[in-house]
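Participant: Those protein sequence lines, which keep their order, are chains A and B.
If you're matching positions, the first sequence starts at 177 in my numbering and goes up one per residue.
If you're matching positions, the second sequence starts at 913 in my numbering and goes up one per residue.
Check before you lean on any hint, since a few could be wrong.
In silico lysine to aspartate or glutamate, EDC-like type, Cα no more than 16 Å apart, as pairs [claimed, not checked]:
id, chain 1, residue 1, chain 2, residue 2
1, B, K1083, B, E1102
2, B, K1171, A, D288
3, A, K280, B, E939
4, A, K429, B, D1030
5, B, K1090, B, E1076
These are computed hints drawn from the structure, not numbers from a lab.
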Amino acid sequence: MATATAVPRRRNPVMLIRSPLVARALFPVVVVGVWTLIFYGLESQIFPSPARVLDFMWNEVRLETLARSNVYQTFLLSLIRLFTGFAIAVVVGTVIGLAMGLSKSVDAFFHDWVMATLAMPALVWALFAGLVFGFGSLGPILVTAVTGIPYVIVNVREGVRNTPRELFDMATSFGVPRNRMTRHLLLPSLLPFFFAAVRYGFSIGWKGLVLAEVFASDRGAGWMIKYWYDAHRAYAVIGYAFFFVVFALFLEKFVFDRIYARAFRWRPQAGTVEVVEEAAEPSVQQPTIP
Amino acid sequence: MATTLEEQHLRAPSAEEQRLRAQQRRETQRRWFWRIAGYVTVLGVWELVSGWVLAESLLPGPTRIVRTFPEIVNSGRFFLSFGATLTRIGIGFGLAFIGGAVVGMLAQSRWFSNFFRDAVTIGLTSPGLIWALMGLVIWGFKPQGWIFAIFLATFAIVTVNVAEGIRALPKDLLDMAKAFGTPTLRRQREIVIPHLAPYLFTALRFGFSNGWKITVLTEVFSSNKGIGFEMRVSSQLFQLDVFFTWVLSFFVFALILEKLILQKAERRFFRWREDVSVA
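Sequences are here, hints too, so could you generate the full structure?
Facilitator: Here is the structure:
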């Protein structure tokens, strides 16, 4: 009796709709549905139908484009700029972040300025870079670096502070040499924060980069979407926006998730460290008064 | 017992205590010394680079900006621009905050949290530029364009923070409420929303700090007033002193609003709750 009622439940259509996977798959369907409704409701000359945008994207993927570089060249160039700029950010940010984490004086010296750069819109750097460096790769690369640096600093500093004090004390009292202490103590506890910094700094750097490409470049993904905007091709702007989304998801899922999985195989809970998105207040470690 | 406590309080500080106090004072002094040294160094380098490394017309120094500030205040467009930008932030981010919070609250249900998952990921990772240009190319200079852009660029930040609060919901209280047959709406009003209040505040702060940036960006492309518009005009006219003065005055304003007013309000608001750690 019990088995007879249990079996058909799995085929129940209501249960199927309620499954999480279907919910996730339903989202794009709903978006396209609403989009189509708006398209027919608006009857605008500019607003494109989903089919028109899809057609544009398909042509771009097949290398048939009206622009001067195709979608692969465009995103490859942006990717190279992003990596170069972010490499600079990681090096500079790690050095300053380590110094700030290890010394209170250095921390006091830089703190307010790091906080200010963190809050500065990338748009400002982008417009400024366009005027100073003209159109080229230098401006976008430097803007990427400048937007990424404070994120790396703040997270690396937090990682140094997060290093367990007792372990340091113990290592000191057992006379462990400094380089071994760095290798076995500082680095492992720093690593999760470092990866969090890289991941979020990367996405911040990317946002800065596309803006810089609009104002300080004549190539690259940001410039290209502005190009289609200037040409008043709404379908192309929306199509390119989808390429942006695909690109970001690609970086997240296939690059960072892989690196994460590899780097934290030995320590599964460490990959989930919370990223620091703003500079914490300068904390003076007060000696307790009895 | 009470007398010993009082005695401890009244008797003169021991040598150890004095030593610790002095150490603490030195620590604070040293911190302030380095902090001021930081200000002097950065401002000094900036002042020197302007005029020596880069032309002063290209990178105006801090003194130049301080001198330009009264000019833009007296130009008559100062309050107009601030007002225009703040109106845009208020409308655009206001709607995004409501929308983001609703989506975050819906995440209590597994179904909805899966339904919106990709939307949130896209909202967090995509540059605001694409929404700004998309809104602009579809709606032109109409308000729908910039509302669309500000909404899509900021709602996900609110959603993520609210969803964070949802994950930390007091399950036992909710279970009890359900067991006693409390209606869903009342459960929301009396358990979920009070619990979420601090998270909503954090969402407001993070959202605002992103919201004003995207707002200024939409003004660069599609406005005839506001901070973004002034930035565009002055950079096109190559008046970088005016450009930096506009940027920095709004930047300082936004920082004061975010760090001093909102953060202080948050602390004040939740003083009575010990379990709330304000991020």
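Participant: Hint by hint, note whether the structure agrees.
Facilitator: A quick look at each hint next to the structure:
no. : hint                 : in the structure
1   : K1083(B) to E1102(B) : holds, 14 Å
2   : K1171(B) to D288(A)  : holds, 12 Å
3   : K280(A) to E939(B)   : holds, 9 Å
4   : K429(A) to D1030(B)  : holds, 12 Å
5   : K1090(B) to E1076(B) : violated, 22 Å
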